[in-house]
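Novice: What follows is each chain in one-letter form.
Number of protein chains: 2
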Amino acid sequence: MHAGTGELVASAIIKAAQKTGMPEGVFSNLNSSGIEVGTELLKHPGVKAVGFTGSIKGGRALYNLAAQRDEPIPVFAEMGSINPVVILPEALQEKGTEWAKTYANSITLGTGQFCTNPGLLLGIKGEKLSTFIDTLSQEIIKIEPSCMLHPNILGAYEANRKKATSQAELKVVAEYESTIKENYARQTVTTVSGNTFLNNATLHQEVFGPYSMVVACNDAKQLQTIISKLEGQLTGTIIASNSEIETYEDVISAMQNRVGRLIFNGVPTGVEVCPSMNHGGPYPASTDSRFTAVGIHSIKRWVRPFSYQDWPNNLLPDALKNNNPLGISRLVNNKQTHDVII
Amino acid sequence: MHAGTGELVASAIIKAAQKTGMPEGVFSNLNSSGIEVGTELLKHPGVKAVGFTGSIKGGRALYNLAAQRDEPIPVFAEMGSINPVVILPEALQEKGTEWAKTYANSITLGTGQFCTNPGLLLGIKGEKLSTFIDTLSQEIIKIEPSCMLHPNILGAYEANRKKATSQAELKVVAEYESTIKENYARQTVTTVSGNTFLNNATLHQEVFGPYSMVVACNDAKQLQTIISKLEGQLTGTIIASNSEIETYEDVISAMQNRVGRLIFNGVPTGVEVCPSMNHGGPYPASTDSRFTAVGIHSIKRWVRPFSYQDWPNNLLPDALKNNNPLGISRLVNNKQTHDVII
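For the record, the sequence lines run as chains A and B.
Our numbering puts the first residue of the first sequence at 1, with every later residue one more than the last.
Our numbering puts the first residue of the second sequence at 1, with every later residue one more than the last.
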């Protein structure tokens, strides 16, 4: 949908590759209005691995094709996620208004198109949660709507939003209603009971855009049950007081089992490119939860381990040579060391 | 085929698990005469990953089932391998007799049932290779045949050996012919030209047992072509003089592209359990070349990365706590250190 922008970016990457002496063809930008180009690439015997960011439907289709090849290849697809956020009563007591404002911003950040967008807020029913829902609703309506990436994404947002809000026993508590520009999205907040959520799998599905649903659970036990029944997620967030984070141990344990990154008293939107980042999670957050799509370890998707046995020192890669010409830390006879090997 | 032995071993493992306080059910030994038990286990939603050692047919069947699940799971199948060995002319000139004796032993080690058994020896045609083939044939016949693991494996060995040796333009140069005991296997060495090997994919298939084929290539170029057309392998071995290992750079590079472990002037049989071991390789040696089945890194098949963001220090796993209670080396702000975090 932005082929011109894509071409500009691609030409910059190719120039950078040439300037830094990388091999011809190290980068290609291919365009297609359908799935043909991707399908043909994936089937080609010369292709050994695939990375993908997009929908569950698209990622799974690529995964299935890759698994059916004579030589199966890995597909690292980062797909859907509703990034559950648990908001506990004492935390709301302490600073509920602040969390409501923070989450109004997180839900609408980038018109809700972050893969780590918080689409599901889980609380325990009661006065504090009701007040939070009211404040969140008031705050999110104040935010100016913004433009989605392209009309198809807006179309899908509207269709999914309509499907979600038409479910029985769901209440729309906030919806931007004034006139908006073309391709802009109306932020929306809904709420359901824990029972309703548990009994309707449609409510577990992602509404990609500035949409979030607050689930009012009966108690900690139901909260834990709901989390354990969620599909795999990129992130999970716990908003808790210092005492709650210790008393809700089972809830946190359930969350850890379903996500790739656990956040304490923050928002899931925003992904730092650093060694400790994990951007991935149990299926369908990603097709391979053993790898991250962001951070230095993401390179591991494209390499494989290799052993040299009794190989002549002068022919080893520099990283393995006895005199350690790269000056790196290495495991030698079970000891991590920068030393040369004598 | 050894259910009683299996049960004895299983009971020892379960006792060890109990003595060391591991959870109930951490280990189970299930028996089946067919594929039903494995199939049902693999389809169960509670099963999250599969390890397997066996045939390409069996491993691929499990892989296919796992990829078709609603939630696909990884299958780490270590499957077939013919473990190519390149034997270069100068190395044969220097000590051809010694290599022939060494390989007669390696081919018959464990009745040829090592997954790293050298099933394919690649040389360059000429007097030195002919002498090597003669010596290897004489030496391998001297070795007493031994018993295979069970009658089905022997049956498959006999069928595959018959299929291989009935191929056109293949010559049987050694075959143990005296009377042997029940379930014992007859070691066999065959030879073909490089052209014949290139044109007959049946010759690329594994004959699991004490069988090896010597391919006499026209020249280094054909040797490289043959290697590049092989399927993925656990190991590749280069028998070379000091000068040959530098001049046959393209041959070695082709080999590196097809294997998970490269051995210089040795035998592939024997796998050390150590951090630098890689026991795996491009498909079909294994279904996932990014993981090893042997050595400390094999544990990575069963874990996934996880990020804790802003998580309270006292609730972090010990490995991540600020005061480093385990005393391990950690990456802190891009520096590998044993230090505590202040």
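Think of the hints as simulated: they come from the structure by calculation, not from any bench.
Honestly, I wouldn't trust all of these hints.
You can't tell identical chains apart in this list, so a pair holds if it fits in one copy or across any two.
Stated by the list, open to error - Dumping the calculated DSS-like pairs for lysine-lysine here, alpha-carbon to alpha-carbon at most 30 Å:
no. : residue 1 : residue 2
1   : K321      : K95
2   : K335      : K321
3   : K101      : K48
4   : K321      : K221
5   : K163      : K221
6   : K101      : K181
7   : K321      : K15
8   : K321      : K300
9   : K19       : K128
10  : K300      : K48
11  : K229      : K43
12  : K181      : K162
13  : K125      : K15
14  : K101      : K15
15  : K43       : K181
All values reported here derive from a predicted model rather than from experimental measurement.
Novice: The structure should be examined with respect to each hint, and the outcome stated for every one.
Specialist: Each hint tested on the structure:
no.	hint	verdict
1	K321 / K95	between (57 Å within a copy, 28 Å between copies)
2	K335 / K321	both (16 Å within a copy, 22 Å between copies)
3	K101 / K48	neither (46 Å within a copy, 39 Å between copies)
4	K321 / K221	between (57 Å within a copy, 29 Å between copies)
5	K163 / K221	within (29 Å within a copy, 63 Å between copies)
6	K101 / K181	within (24 Å within a copy, 82 Å between copies)
7	K321 / K15	neither (33 Å within a copy, 45 Å between copies)
8	K321 / K300	both (22 Å within a copy, 26 Å between copies)
9	K19 / K128	neither (59 Å within a copy, 49 Å between copies)
10	K300 / K48	both (14 Å within a copy, 21 Å between copies)
11	K229 / K43	between (35 Å within a copy, 18 Å between copies)
12	K181 / K162	within (19 Å within a copy, 76 Å between copies)
13	K125 / K15	neither (57 Å within a copy, 48 Å between copies)
14	K101 / K15	neither (44 Å within a copy, 56 Å between copies)
15	K43 / K181	neither (42 Å within a copy, 49 Å between copies)
Checked against the numbered hints given earlier, this structure breaks hints 3, 7, 9, 13, 14 and 15; the rest are met.
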